[in-house]
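Peer 1: So the sequences go chain by chain: A and B.
Residue 11 in our numbering is what sits at position 11 of the first sequence, and the numbering runs on without skipping anything.
Residue 1139 in our numbering is what sits at position 139 of the second sequence, and the numbering runs on without skipping anything.
Incorrect hints may have been included.
FRET-style restraints, in silico, Cβ to Cβ [as the list claims (entries may be wrong)]:
hint, chain 1, residue 1, chain 2, residue 2, range
1, A, D268, B, D1201, 57 to 67 Å
2, B, F1215, A, K159, 33 to 43 Å
3, A, V327, B, D1201, 48 to 58 Å
4, A, R102, B, F1215, 28 to 38 Å
5, A, K197, B, V1210, 47 to 57 Å
Heads up, incomplete: computed chain A residues facing chain B, CB under 10 Å, no partners named [claimed, not checked]:
hint, residue
6, A3
7, N100
8, L106
9, E108
10, K275
Since the hints were derived computationally from the structure, they do not count as laboratory data.
Glycine included, every Cβ here is placed at the ideal spot set by N, Cα and C.
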Amino acid sequence: MTALAVNVDNIGKKFEIGAARSSNDTLRDALVNVIKSPLKRLQGNAQSNTDDFWALRNISFDVKHGEVIGLVGRNGAGKSTLLKILSRITEPTEGRAVINGRIGSLLEVGTGFHPELTGRENIFLNGAILGMRRTEITRKFDEIVAFAEIEKFLDTPVKRYSSGMYVRLAFAVAAHLEPEILLVDEVLAVGDAAFQKKCLGKMSDVAGEGRTVLFVSHNMTAVQSLCHRAVWLEGGGVREIGSAQKIVQGYLQTAAVSTAEQVWEDPDTAPGDDKVRLQSVRVVPQDGVAFDDINVNTPVDLQFAFHNYQADVELNFSLIIHNLEDVCIMNVVSPPQRFAKGLVNGVCHIPAGLLNDATYRVRLLVVQDTSVALLDAPDILMFEVQDVEREGNWYGKWPGAVRPTLDWTVDYRG
Amino acid sequence: MALTDQLSLDNQVEQQSDMPQTIIRKTTGLAALQLDQVWAFRELLYFLVWRDVKVRYKQTALGIAWIVLQPLIMLGLYYVIFGILLQVPSNGVPYPAFAFAALVPWTYFAGALGRASISLVEGAQLVTKVYFPRLLVPLSAVLAGLVDFAIAFVVLIAVLLSYRIVPGIEILLLPVFLLFGILTALGFSLWLSALNVHYRDIKHLVPFIVQTWWFATPVMYATSIFPESFRWVLALNPMTGVVEGFRWALLGGQYPGAQLPLQLYAISVGISILVLVTGMFFFRSTERTFADIV
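Whenever a hint applies, use it, and build me the whole structure from the sequences.
Peer 2: See the structure below:
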């Protein structure tokens, strides 16, 4: 095979933010990304209506036939825009890309699903939307149904499906797409853990069949295990291209990835050893606030769960919180406690009005007898705390590693 | 063994040469129509139409009953107002037959325009997530209305027969007028749906446009109420050609004097084609920004 599967040559995409403000969905994404990106903090709140925003600039890379390439980067780095350009959904502003082969793109599961239609009908509809021929869908129909595990509900309108069934069906259709070049955007982050595992399995089958795949994901484990190479996008440009292993490591080191939770279904791959093994960690904002909306007034719970494999042991925990500049903000230590063998759940409550606005990385230590660290898991969680609108006339960046709300006593002794 | 190797190698080479090449870059100026792309995606068109129809008729019996009842109720209402109270002349044909023969294609047109003009925005989810020729979106909305039309048409024939009107040989040309109606609906839908992506006010404007258009089209009245020297103005409205064509094809010999002269049909068809062709170019040229704005 001589020709490249994909040749991306100096692609750039510009959005006019002023024009985009009107109403819409895709650009709303773009705007949200702009607002969330750290750029905003440098510029303050100024958002000129005439600003041009380059979502992508000077992007060049090649993909060989049969290669599986991961696209990694923070929200707003331009990954999804790049996939949309390569899928021909939107046009680049400059540069060009050449794609050799039939393209299939999967930017979302269940595109075009209609709630009134039955599972059977939606399989055909969705298949056609994703670019399958009718004969192809008919041929794979049974396989799709079996993969989705919805045999009994095939003739039920999907509006009566549980969300799990819905997602399973949607992914099943998509998973049976067989283009020469597949573009996939973060669709594995759906369904329950067991189904996610199945999806990942399907993805690695696809990769193993020698098809060319471009794969956007925040799941670094998936990128590392599925992809040969990875392209690391940052702020709309290519930061680095290299082996998936190397890129993922570099990317995780900058820890520029928000991690609301991590769950290790398989203890063998979880951090830990034969004494303790992590099972899950989570950032859980309180007061019904969404993870992406955490601000300085949001109380946040840091939850963790691990398997304790020792019979009777005294353990305590330490949560160390760093900011992105690697400054340690605090080390919170729990009192020691005795545990029997089994699963242990822990929560540390961070009150509202303690953290300053910044991005925080969390490191967890499990310590035995207040002296031996059994487990040291750095960068297991990462979350962003946003500023809020303040009263008063001062809008600059609030200085300080923390921003606690403390009691004051001020007397006038005139 | 060597033979199979050779074979698989041949396969690969063949596959290689078969591979379609896609070049992605910014397009400027007038976009090519790429109607071959629409043809390549005909199965998707079929499924989009099928979805619209299926969803509309999901409520089974009652759904179809409404499709039959709606035009009949309208017809009754219009008959009372225009036929009885206002005594609108109908050139010797019983007024209900006269009006219904035009009301059925008009209702199709109005429905198609209404649905198709908002189709791109309603279908934003598709447009922003999958590639396909966007033309399919308004096209499928225009075509989906044909099922309603077919049902109404059966009712129309029943109404005609009840007045002992049997269409003559002219009915053979009816498909031509139907096609004329479809292309007219499509032409205007292309303009309106593409504009609606940029200017959401279009959505609010469409019912008003349709209402005004209805008055300007000889649905409830005959072209013959206007002096002959003035009729070419009516023909500037392509729907005049469509509804008068329907009347001529269905009422045939029993509808004398009111047929448009051929030149007037030519004007109607000409305008319709002009709108369609410009609509396609306009649509294709604005298409490249749909996904960014919708």
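Peer 1: Hints the structure violates: just list their numbers, smallest first.
Peer 2: Hints 4, 10 are the ones this structure does not satisfy, whereas the remaining hints hold.
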